[in-house]
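Asks: Just need the whole structure built from these sequences, with the hints factored in.
Chains A and B are the protein sequences, given in the same order.
In this text, residue positions in the first sequence follow the working numbering: the first is 1, and each later residue adds one.
In this text, residue positions in the second sequence follow the working numbering: the first is 249, and each later residue adds one.
These are calculated hints, taken from the structure and not from any lab test.
Take the hints with a grain of salt, since some may be wrong.
What the hints assert, rightly or not - Calculated lysine-lysine pairs in the DSBU-like style (CA-CA distance at most 30 Å, straight line): (1) B:K343 to A:K179; (2) A:K4 to A:K102; (3) A:K102 to A:K85; (4) A:K85 to B:K303; (5) B:K256 to B:K303; (6) A:K179 to A:K4.
As the list claims (entries may be wrong) - Pair by pair, the computed Cβ-Cβ distance ranges are: (7) A:R152 to B:D261: 18 to 26 Å; (8) B:A276 to A:R84: 35 to 43 Å; (9) B:T274 to A:R246: 20 to 28 Å; (10) A:E142 to B:E427: 34 to 42 Å.
C-beta: ideal position from N, C-alpha, C; glycine also.
Listed below, chain by chain, are the residues.
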Amino acid sequence: MKYKAPIRYMLAFVALCLAWQAGSLSLTRDVLPSPGETFALFLQALGSAAFWKDMGMSAWRLCLGLALATGVAFPAGLLLGHCRKADAIAAPLVFLTYPLPKVVLLPVFFTFLGLGDAPRIFLLALATGYQILVIVRGTALELAPSYRVSFRSMGGTPLQALRHVYIPAALPGLLTALKVACGTAVAVLFLAESFATRSGLGFRIMDAWGRGDATDMFVGILGISALGLALYGLCCLAERLFCPWRAP
Amino acid sequence: MNFEFVVKDLSKDYGFGPVLDPLSFTLAAGERLAVIGESGCGKSTLLRLLSGMEKPSRGAVTARRSDKNAASPVKRDSRPRSAFVWQNLGLFPWKNVLANLTLPLELAGLGKREREAKARAMLDELGLTGMDARWPASLSGGQRQRLALGRALIAEPDVLFLDEPFSALDALTRERLQEFLLVLLERRLCTMVLVTHDIGEAVFLGERILVLGGRPARAAAWLENPLSGAPGWREHAAFFRMSRQVHAALRNAAALQNTNGKDRTPADAAI
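Replies: Structure (structure tokens):
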């Protein structure tokens, strides 16, 4: 590799902006505003409290949703991956409901949980939790039996195995799952915020669209992208922190 | 603690015919036993039975205190402590060298300070001084092997079970590690049971050699190899004589297996 990572990322960014600019020129600015004016407005928005309130609201919903998903799906994935009896019962339930598009349940959650934050966070957690569950279960199932044998031969109890073998062995899987879930989470967030709320970036995008303000809409889109990017970056950071043995 | 192991009529049947014919022998405290046989002949089964990781179908392995103070056994030590080195070593990639090494002590409930003091001494003995924070993946094959040996011995086991521990190494590294293992064992009172398919390894390390063969596996030969561990043993004329003897016993065992096969199933005979 000739260039270091920051330079390669800068180059990719410039290339994307050029493509954007070309698109804007060919589509007229009412459909696709140019990157220049969008970034200018985005920077301006960064100085406004209203934008940060929306950003903060969205970030809060995302983090809470992902935390809830991890808190439930990680232990559940470990349980299914390591306990055959539990897996025999629960795996059919999981895989029958896995392909179900969770977003279609949003109206149902609105009915049951009201129009506040709860149904939105619950939807986020449900959509990402399935991904985490399936990936963590897979990682647990793939754990080489030799580790279990080796640990058992040292006289370790099952509880000790959880701490010394099962959890650390599943951490890389969890972080991969979280990276995948970041993309899903941002997409689901947009949907969850486009109904019955007046806060969050999803609302901001739909609101600007309704007003026919393409540039402001793209400010929202940039905001939600930045949020997804930041979340993905956090996952990478967490991977370095919690899975140091996998560092190149 | 000195333990001798009495193996009586030990046999195993997984439900599709016996894999191990009744086997009886006694293993003295501190003795080194090498079990050799073809792949899939049941040596690893025997190891798991001896170690108690698997229950025998019939017969038993009993550990008896063989030292003078056996009259006043301390309850905690009334069972022998065993340790293992597996073919794939079983080092945990997510634990650094120090954490891998101290794991048996941690599981036994030793305090942090005590664990680390023991680990430092062991690292020095293993020639891994200063590598505490390295990941197993960053070690050479020989270093990983030494770490696995050290981890097995750190909790001062009474018996060490080795299941083809050096089979993944190149010939010279393997010889060095065999010698290193002898040095480690000489400083401890630890019985050794080694399972291998390598004749040189069995003759170098085993004071007694059990040749397994046939289906179900049976003791095709018991060879006394008292010079094992003597200085310059690998270069000794008797080493080669013993190697030839083991080789012949293995050949006989294979022949035995073929004749056995004929009066068992046609499929077996075809192999």
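Asks: Taking the hints in turn, state whether each one holds.
Replies: Hint check results:
1. For the suggested pair K343 of chain B and K179 of chain A, the alpha carbons sit about 24 Å apart, so the restraint of at most 30 Å is met.
2. Restraint check for K4 of chain A and K102 of chain A: not satisfied, since their Cα atoms lie roughly 40 Å apart, outside the 30 Å limit.
3. Straight-line distance between C-alpha atoms of K102 of chain A and K85 of chain A comes to about 27 Å, which keeps the hinted pair within the 30 Å bound.
4. Under the criterion of a C-alpha separation no larger than 30 Å, the hint pairing K85 of chain A with K303 of chain B is consistent with the structure, at around 23 Å.
5. For the hint pairing K256 of chain B with K303 of chain B, the CA-to-CA distance comes to about 13 Å; that is within 30 Å, so the pair holds.
6. Between the alpha carbons of K179 of chain A and K4 of chain A the distance comes to roughly 23 Å, so the proposed pair stays at or under 30 Å and holds.
7. Range check, R152 of chain A to D261 of chain B: Cβ separation about 23 Å, and the 18 to 26 Å hint holds.
8. A hinted range of 35 to 43 Å for the beta carbons of A276 of chain B and R84 of chain A is consistent with their spacing of about 41 Å.
9. Checked against the hint of 20 to 28 Å, the pair T274 of chain B and R246 of chain A fails, with Cβ atoms roughly 48 Å apart.
10. The hinted range of 34 to 42 Å is satisfied by E142 of chain A and E427 of chain B, whose Cβ atoms lie roughly 37 Å apart.
In terms of the numbered hints stated before, the structure departs from hints 2 and 9, listed from lowest to highest.
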